[in-house]
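Q: Please build the complete structure, drawing on both the sequences and the hints.
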Amino acid sequence: MASFLRKNRPLLVTLLIVAAVLLWMTNRYEPKVTASILLSGLTLGALYFLVASGLSLIFGLMDVLNFAHGTLFMIGAYIGFTAYANPRLILNTLPFALALLGGAQAGRWLGGLLPARFKQRWQDSSFLVLTFLLALALLFIGVRGFNLEKLVAATATATGGVVATDLAQEAAGRFLPRIILLAVSGLFLGLGLSRVGTAEVRQRPRWTSAGVGLILVAAAFALIPIRTPGEVFLLSVSSNVRFVLALVIGLLAGAGLGALIESSLIRPLYGRVYYQLLLTLGLSYVGGELVKSVWGTVGFYMDIPAFFGGSGDNCPSPNLWSWFSDHCQSINVLGRPFPSYRLFIIALGLAMFIAIALLLQRTRLGIIIRAGVQDSEMVQALGINVRRVFTLVFAIGCGLAAVGGVAAAPFLGVNLGLGLEVQLQGFIAVVIGGMGNYVGSAVGALLVGLARAFGDQLVLSGIHLPWMDGVVRMSPSIARASTVLIMALVLLLRPAGLFGKKD
Amino acid sequence: MTNILEVNAIHTFIGQFHILEGVSLTVPQGSITALLGRNGAGKTTTLRSIMGLNPPREGTILYAGEPIQGKTAYQIATRGIGYVPEYRAIFRALTVEENLRIAERSKGDLAKRGDLIFELFPDLKRFYRLPGGQLSGGQQQMLAIARALVPENQLLLVDEPSEGLAPIIIEAIVAALRQLAAHATVLLVEQNFRMASQLADRYYIVDDGQTVSSGQMADLVKDRPLIAKYLGAGYAGAGLVPAQSTTA
Chain A
1 MASFLRKNRP LLVTLLIVAA VLLWMTNRYE PKVTASILLS GLTLGALYFL VASGLSLIFG
61 LMDVLNFAHG TLFMIGAYIG FTAYANPRLI LNTLPFALAL LGGAQAGRWL GGLLPARFKQ
121 RWQDSSFLVL TFLLALALLF IGVRGFNLEK LVAATATATG GVVATDLAQE AAGRFLPRII
181 LLAVSGLFLG LGLSRVGTAE VRQRPRWTSA GVGLILVAAA FALIPIRTPG EVFLLSVSSN
241 VRFVLALVIG LLAGAGLGAL IESSLIRPLY GRVYYQLLLT LGLSYVGGEL VKSVWGTVGF
301 YMDIPAFFGG SGDNCPSPNL WSWFSDHCQS INVLGRPFPS YRLFIIALGL AMFIAIALLL
361 QRTRLGIIIR AGVQDSEMVQ ALGINVRRVF TLVFAIGCGL AAVGGVAAAP FLGVNLGLGL
421 EVQLQGFIAV VIGGMGNYVG SAVGALLVGL ARAFGDQLVL SGIHLPWMDG VVRMSPSIAR
481 ASTVLIMALV LLLRPAGLFG KKD
Chain W
1 MTNILEVNAI HTFIGQFHIL EGVSLTVPQG SITALLGRNG AGKTTTLRSI MGLNPPREGT
61 ILYAGEPIQG KTAYQIATRG IGYVPEYRAI FRALTVEENL RIAERSKGDL AKRGDLIFEL
121 FPDLKRFYRL PGGQLSGGQQ QMLAIARALV PENQLLLVDE PSEGLAPIII EAIVAALRQL
181 AAHATVLLVE QNFRMASQLA DRYYIVDDGQ TVSSGQMADL VKDRPLIAKY LGAGYAGAGL
241 VPAQSTTA
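First to last, the protein sequences are chains A and W. Going by our numbering, the first sequence opens with residue 1, and the numbers climb by one from there. Going by our numbering, the second sequence opens with residue 1, and the numbers climb by one from there.
Calculated directly from the structure, the hints in this document are not laboratory data. There are no misleading hints in this set.
Once the Cα atoms are required to be at most 30 Å apart in a straight line, the calculated DSS-like pairs of lysine-lysine come out as:
no., chain 1, residue 1, chain 2, residue 2
1, W, 107, W, 71
2, W, 107, W, 125
3, W, 125, A, 7
4, A, 501, A, 7
5, W, 125, A, 501
6, W, 112, W, 71
DEER-style ranges, computed between Cβ atoms:
no., chain 1, residue 1, chain 2, residue 2, range
7, W, 183, A, 365, 27 to 35 Å
8, A, 12, W, 14, 38 to 46 Å
9, A, 388, W, 64, 24 to 32 Å
10, W, 208, A, 130, 41 to 49 Å
Remember, predicted model here, so these are calculated numbers, not experimental data. Glycine included, each C-beta is placed from N, C-alpha and C at the ideal position.
A: Here it is in C-alpha cells:
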C-alpha cells in the first residue's frame, strides 16, 4: 500500500487537486452547471487527447517534435468535411493522388533495379536534378487548367444537390490524360527519390512495392468513370453513413500524409533535432497554405449528422437511454441541455485511448514500440526493421490527429485557425503528462480540457471570494492562460511531467 | 574448422573520429573467441561494426562466407547474429516475457528455445511477468543473453557480460556461456581477463583501433610481457591466479 502511494504520488496529488476543485465547484454552482462544465471539459480533453496521443507516441519513439501535428488536425477537418459535404471534390482529386503515389512506388522499385555502375554516375551527376525537373514539369502539365475552384465552389451548396456535376467536373476524355501524365510524373519522382540519401538510409524496395504502385495507378483509372455515379450515390445515403465515411477518409488521409512525410522528409533527418524542428514547423505553414489554396480563406460550417441532430417535441432527451431512440440534438443533464454530439466526441476519445492502449500492451507491434521508446537501436539489432515501425507510428499519430479534426469539425467549425490552438493545448498536455508517456498524455489532455472549461465558466460568472465586495470579471484569455499556468506549475514541481521518468 | 566470421581490415568512424584503423579477426565455427584490449581500444566499436550499428567505411566483413558490411543492423541480425550489448541493455519497461518475445523472428521461437533458456537461467522463469527494470544486475545480464538465444542465432556477439557484477554471479554467467558454446559460436569482449581466459579458446587483442596480437588463449596466459604491454599489469595478475571453483 505504502509503495503504491509512493509510486503513484503525482497521480494521487493530481486527483486530490481535481477533487478539491470539484468540491469547490459543487459548492459554488448548481449541480447542473458543474455537470456541464465537466462534460465540456471532457469534450475538449478528448479532442486534445487525439492530438496529444499522436504527439506523444511520435516523440516517445522517434524523438521528433512534430509541429505539423496541428496542421494535420486541420487538414483532417477539411478533408473529412469535404468527404461529408462535397464528395465530388474528393472523387475528382483522389485519382491525382493515387496516380502520383502509385507511379512513385513503381519508380522507386525501378530505381533499385538499375545496374550499379549507372546508379553511381547518376547520383553524382545532374541526372538526378533533371529527373526531378522532368517529374515536376509533367506534374505541372498534368494539372494545368484543372478547374479546382468550380469543384470547391460546390461545397457551400453541396447538401443542396447534384445539379452542377457535369459543369464542374471534367469529362473523362480530358481527365484521363491528366492521370496518365501524373502517373508518369510519379514514376520519375520515384526514380529520383530512389537515388536520394546515403546507402544507409536507402532500402532496396521489393517487387511488392511495385505491385502496390500498379494497384494504386489502376485504382486511379478505375475511379474516372465512377466519379458521377459515385457522387450521386454518396449524396443519396444518409448523413450518418457519410459521417462515418468522413471519419475513415480523414483517418486514412492523415495516416497516408504522415507516412509520406516521415518516409520522404523526416527519415533523412533522424538525430538532427534542429533540422527536424524547422522542417515540421515549415511543413505546418506549407500545409496551411495548401489548404488555403484549395479551399480558400473562408471557413465552413459542418452539419451535425442526423444521428446527433434530432429535434422535436420530446427534445432534449430526458436521459441517455431515451436518447438512443430519439437521437435528439441535446440531452438533458440535470436540467440543462447538453449537445449530444459532444458526448460522441468524448466516446471517440475514449475509444481511441482504449484502442491504442490495447495496441501498445497486447500486440507485437506494441511491444516493439515500447521497447523502441527506450532503445530503438537495440530493437534493430534484434532483427526488427525499426524504420518501418517509425513510419507506421508516425502514420498512426497523424491519423489520430486527422480523426480528431474530422470529429471537431461540426463542433468547432472548419477554418484555417483550427489546428494552431489544438496543437498548443496538445503540446501542453504532453508536457504535463510527461514527454513520450502515453497514459500521461491522456491525463494531461483531460487536465487541460477541464481547466479550459473551468476557466471559461470562471470568465462567465466572474470570481467572487468571501472577502471581496463584488464580483471580479476577467478577460476571456484567462481560460487559455490557465492551461499554461498548470504546465508551468507541473514543470516546477516535476520537471519530467506527471508520469515522466527522470533519465 | 570453417570460419563463421571474417573481419578484414575494417575502418570505422564515429562522427569525425577514426576509431577502428584496420581491425581484422576471424572466428572459427563453434569456438569462443575473446576480444581483449584496454578501455577505448575499439572492442565495442568492433562488435557494433559487425552488427551494422556503426557501419565500417572500409574493409569487409564476411559472415558465413557472404559480405555483410553496409547492410542495416536488422538485416544482419536476421542472418543469425545475436547481440548482447554492454551495460545489459534490456528493455526496462517490458516484462521478462516481453523482452524475450520481442526477439522472436518467427512465431514459436520462444516456445522452441524456452527449455534451453530456462535451464540456463531458472531465475527468468521465476520472474517471467516482472518488468525487466526490477531485476537485479545479474538477472538483467542473464535476460540480455537469453534474449539473444530466442532465435536460432549461429553467432553471438557478447559485450562485457561481467561488467559490474558480483563474482558469484559472474561464475553463473561463465557456466551459462560455456553451455551456450554447444549451440552457437561466441565472440566475447571482456575486461575481466580471468573470465575470458577461462572461457575462450582463442583471443585477439585490439589496441588503438588495430589488431595487435592473436593466437591460442593457452599461449597468452603464459605470455606475461604481452599481457603487461597491452592489457596492463593488473590484468596479468588477475589472469594468472588459477580459478578455484570453475576449473571444470
